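Q: Here the protein sequences come in this chain order: A and B. Residue numbering for the first sequence is 1 to 309, as defined by my numbering. Residue numbering for the second sequence is 1 to 314, as defined by my numbering.
Source of the hints: derived by calculation from the structure; they are not laboratory data. Do not take every clue at face value.
Think about it this way: if two alpha-carbon atoms lie no more than 25 Å apart in a straight line, the pair counts; the simulated SDA-like pairs of lysine to any residue are [as the list claims (entries may be wrong)]:
no.	chain 1	residue 1	chain 2	residue 2
1	B	16	A	272
2	B	46	A	156
3	B	13	A	141
4	A	202	B	239
5	B	16	A	23
6	B	50	A	158
7	B	100	A	86
8	B	50	A	132
9	B	16	A	33
10	A	133	B	14
11	B	221	A	297
12	B	100	A	208
13	A	84	B	239
14	B	100	A	45
15	B	16	A	218
16	A	271	B	139
17	B	46	A	133
18	B	50	A	164
19	B	16	A	131
20	B	13	A	206
21	A	296	B	239
22	A	271	B	84
23	B	13	A	198
24	A	296	B	205
25	B	13	A	132
26	B	16	A	207
27	B	100	A	206
28	B	46	B	279
29	B	100	A	198
30	B	13	A	166
31	B	46	A	164
Label pairs and their calculated CB-CB ranges [said to hold, decoys possible]:
no.	chain 1	residue 1	chain 2	residue 2	range
32	B	215	A	114	51 to 61 Å
33	B	61	A	38	19 to 29 Å
34	A	110	B	99	20 to 30 Å
35	B	226	A	171	30 to 40 Å
36	A	199	B	225	43 to 53 Å
Predicted, not measured: the structure shown is a model, and the values here were computed from it. Think of the CB as a built atom: it goes at the ideal place given N, C-alpha and C, for glycine as much as any other residue.
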Amino acid sequence: MVDLTSSVAAGQGARELQGPRGPKPRKVVTRANVLIYGTLIVVSLYYLLPMWVMVMTSLKGMPEIRVGNIFAPPMEITFEPWVKAWSGACTGLNCDGLSRGFWNSVRITLPSVAVSIAIASVNGYALANWRFKGADAFFTILIFGAFIPYQVMLYPMVIMLREVGLYGSLTGLVIVHTVFGMPILTLLFRNYFTSLPEELFKAARVDGAGFWRIYFRIMLPMSLPIFVVAMILQVTGIWNDFLFGVIYTKPDLYPMTVQLNNIVNSVQGVKEYNVNMAATLLTGLVPLFIYFISGKLFVRGIAAGAVKG
Amino acid sequence: MAASRPNQLFRNKSAKIAAIPMIATALVVFLGGTIWTVAHSFTSSKLLPKWDLVGLTQYERLWGTRRWLISIENLMIYGVCMLVFCFVIGFVLAALMDQKIRFENTFRAIILYPYALSFIVTGLVWQWILNPEFGLQHVIRSLGGNRPPAECEGVGLSLSCWLSGIEFDPLYNPRIAIYGILIAALWQGTGLIMVLMLAGLRGIDQEIWRASRVDGIPAWKTYLFVVIPMMRPVFVTTLVLIGAAIVKVYDLIVAQTGGGPGNATEMPAKYVYDYMFGGQNLGQGFAASTMMLLAVLIVVIPWAFMEFGRKNRG
């Protein structure tokens, strides 16, 4: 504790008496602070360590990896592993690298995000403003669906997609992502639309606007933030998905995560750890990029999206 | 509070049409799919599902399979450790972050970033770090000069010999492999728990802190006896979230160990996948997934009742 009287007593001119203003100054180095910051810094190092190892390993040549220490920075920086991971790493007979998986993931993620958000936002809007009989019952089932292990619904979904001829196709996977993303997104949008002032909706109704007109003219322009949150949630979620990708697509449509796993965990050939780490980093780059540009919105998204597990 | 108007069948036509995807998903996929799988777990389906009821045979076989029993045991170890460590680490970190510290956003960004990464990426990084030949074990042994065992024979206490002989190869030692998975899972998931706990701590009235300070109660006592009991709803929600995620763990195993060495890191979700899509033994897959469903329901239903009950009262 720093007491004020001492500083007043020490002050002898008018200048010092006017002296320090504002809140009481606090000592910076205290035992509690050392403990708090010390712990947080040690913990942060632990969390940063794998990222450091990934980057360092991906910039080394194989000879250096064999003799060296995984934590040490490279003596000679080489970008060859990155080039090979992107365009030359092999999965089975294909040796065109992760680029194929990357573009597959793009082709999967974009339509899945768009379709799932479009459908879920309309659902949420209908649940919030146009309640009809039975709506709550369907919604409850939907929310329960978020907790049910996917494993129970995997095979019925295979059968349904096969019946309509979409099993193994991109469209099929988009449908799967839309269906399994629906609970959490619908919840997100319903809660947001419920929080908007109801008077707006009523005024539009009085003026004769219908379901779609109110949605496009009033609700959409007002809910940009929640759309951004939903997009963050879906882009990271779908990009990181492995299970659906491996079940509902064929090898030439495999998303990046599946291809990455096939490259790294393949049993044939000599293990090239630097290429593996470059490939791993490449796969993590998209969600990391989204994470670092979205900041607080990401936190908001996961607080809601944590249900997805 | 939402617009309630006379319920005519055609008045809300657009809304009903718009809700068709939701209704279809809820009824056909979630409800229908679940019932279909549970029902088919009582059949003798092999390569293709067929309606040939055999009672509980699949379950008897399931609980007689060594791999399933190992999976369950692993899930128990992993689940209990995950719950305890997630709660303790998540809460302690959140409490530290709540001390009006500087650079809070930086610390949070660092602790939370693994959560943005997929389980595949997480598993592969930790597979590399825990690689005994090049990874952590190698680094520690190098500190001791990497002396061969023969050189150390008969030598009494020697730091370099101790370091050179240290064993840390969780992914290659069946007895501790599951803890290798746990390290990776904690790295990926604790950030989320910290964020949830921090939100809970921020929701606590500052007056409580002031009051306890006036009464001269030490901070740790305030946390233990006042703050933690007040955060019960946050804890319960977190518990349900971690619980549901634990039961589903799959990608991480596939990436990090592939279930090995031997069967040491098998998990129920992987059992389901392997039997349904790899082993051409659908009946086993259905029975195993029904057991997973049961496990989740045991956690979720009491919670749903509590949540629902609270809303009704409040």
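Q: Would you mind marking each hint as holding or not holding in the structure?
A: Here's how the hints hold up against the structure:
Between residue 16 (chain B) and residue 272 (chain A) the alpha-carbon distance is near 56 Å, which puts this suggested pair outside the 25 Å criterion. Of the pairs offered as hints, the one joining residue 46 (chain B) and residue 156 (chain A) holds, with about 15 Å between alpha carbons and a cut-off of 25 Å not exceeded. Under the criterion of a C-alpha separation no larger than 25 Å, the hint pairing residue 13 (chain B) with residue 141 (chain A) is consistent with the structure, at around 22 Å. Of the pairs offered as hints, the one joining residue 202 (chain A) and residue 239 (chain B) is violated, with about 40 Å between alpha carbons and a cut-off of 25 Å exceeded.
Taken as a hint, the residue 16 (chain B) and residue 23 (chain A) pair is broken in the structure, with Cα atoms around 59 Å apart against an allowance of 25 Å. At most 25 Å may separate the alpha-carbon atoms for a hinted pair to count; residue 50 (chain B) and residue 158 (chain A) meet this at roughly 15 Å. The hinted pair formed by residue 100 (chain B) and residue 86 (chain A) fails the criterion: a straight-line CA distance of about 44 Å is larger than 25 Å. Pair hint residue 50 (chain B) plus residue 132 (chain A) does not hold up; C-alpha atoms about 38 Å apart against a cutoff of 25 Å.
Between residue 16 (chain B) and residue 33 (chain A) the CA atoms are separated by roughly 58 Å; this puts the pair beyond 25 Å, and the hint is violated. Pair hint residue 133 (chain A) plus residue 14 (chain B) holds up; C-alpha atoms about 14 Å apart against a cutoff of 25 Å. Restraint check for residue 221 (chain B) and residue 297 (chain A): not satisfied, since their Cα atoms lie roughly 34 Å apart, outside the 25 Å limit. In summary, the hint linking residue 100 (chain B) to residue 208 (chain A) is not supported, as the alpha carbons are separated by about 52 Å, beyond the 25 Å threshold.
Our distance criterion of 25 Å between C-alpha atoms is broken by residue 84 (chain A) and residue 239 (chain B), whose separation comes to about 43 Å. This hinted pair checks out: residue 100 (chain B) and residue 45 (chain A) have alpha carbons roughly 21 Å apart, not beyond 25 Å. Distance restraint check for residue 16 (chain B) and residue 218 (chain A): the Cα-Cα separation of roughly 20 Å lies within the 25 Å cut-off, and the hinted pair is therefore satisfied. A hinted pair counts as satisfied when its Cα atoms are at most 25 Å apart, and residue 271 (chain A) with residue 139 (chain B) qualifies at roughly 19 Å.
For the proposed pair residue 46 (chain B) and residue 133 (chain A), the alpha carbon gap of about 42 Å is over 25 Å, so the pair is violated. With a C-alpha separation of about 20 Å, the suggested pairing of residue 50 (chain B) with residue 164 (chain A) holds against the 25 Å cut-off. This hinted pair checks out: residue 16 (chain B) and residue 131 (chain A) have alpha carbons roughly 9 Å apart, not beyond 25 Å. The hinted pair formed by residue 13 (chain B) and residue 206 (chain A) meets the criterion: a straight-line CA distance of about 18 Å does not exceed 25 Å.
The suggested pairing of residue 296 (chain A) with residue 239 (chain B) holds, with an alpha-carbon distance near 23 Å, which does not exceed 25 Å. Taking the CA atoms of residue 271 (chain A) and residue 84 (chain B), the gap is about 36 Å. The hint is violated against a cut of 25 Å. This hinted pair checks out: residue 13 (chain B) and residue 198 (chain A) have alpha carbons roughly 21 Å apart, not beyond 25 Å. Only pairs whose Cα atoms come within 25 Å are accepted, and residue 296 (chain A) paired with residue 205 (chain B) is accepted, the gap being roughly 23 Å.
For the proposed pair residue 13 (chain B) and residue 132 (chain A), the alpha carbon gap of about 10 Å is at most 25 Å, so the pair holds. Only pairs whose Cα atoms come within 25 Å are accepted, and residue 16 (chain B) paired with residue 207 (chain A) is accepted, the gap being roughly 22 Å. A C-alpha spacing of about 49 Å is found between residue 100 (chain B) and residue 206 (chain A), which places the hinted pair above 25 Å, so the restraint is violated. Between residue 46 (chain B) and residue 279 (chain B), the direct Cα distance comes to roughly 9 Å. Compliance with the 25 Å bound is thereby established for this hinted pair.
For the hint pairing residue 100 (chain B) with residue 198 (chain A), the CA-to-CA distance comes to about 38 Å; that exceeds 25 Å, so the pair is violated. Restraint check for residue 13 (chain B) and residue 166 (chain A): the C-alpha separation of about 30 Å exceeds 25 Å, so the hint is violated. Annotation: proposed proximity of residue 46 (chain B) to residue 164 (chain A) holds, straight-line Cα distance about 23 Å (limit 25 Å). Taking 51 to 61 Å as the suggested C-beta distance range, the pair residue 215 (chain B) and residue 114 (chain A) conforms, at roughly 56 Å.
Taking the beta carbon of each, residue 61 (chain B) and residue 38 (chain A) are about 54 Å apart, not inside 19 to 29 Å as hinted. In this structure, residue 110 (chain A) and residue 99 (chain B) break the distance hint of 20 to 30 Å, their C-beta atoms being roughly 43 Å apart. For residue 226 (chain B) and residue 171 (chain A), the Cβ-Cβ distance of about 55 Å falls outside the hinted range of 30 to 40 Å, so the restraint is violated. Here the CB-CB span from residue 199 (chain A) to residue 225 (chain B) is close to 45 Å, well matched to the stated 43 to 53 Å.
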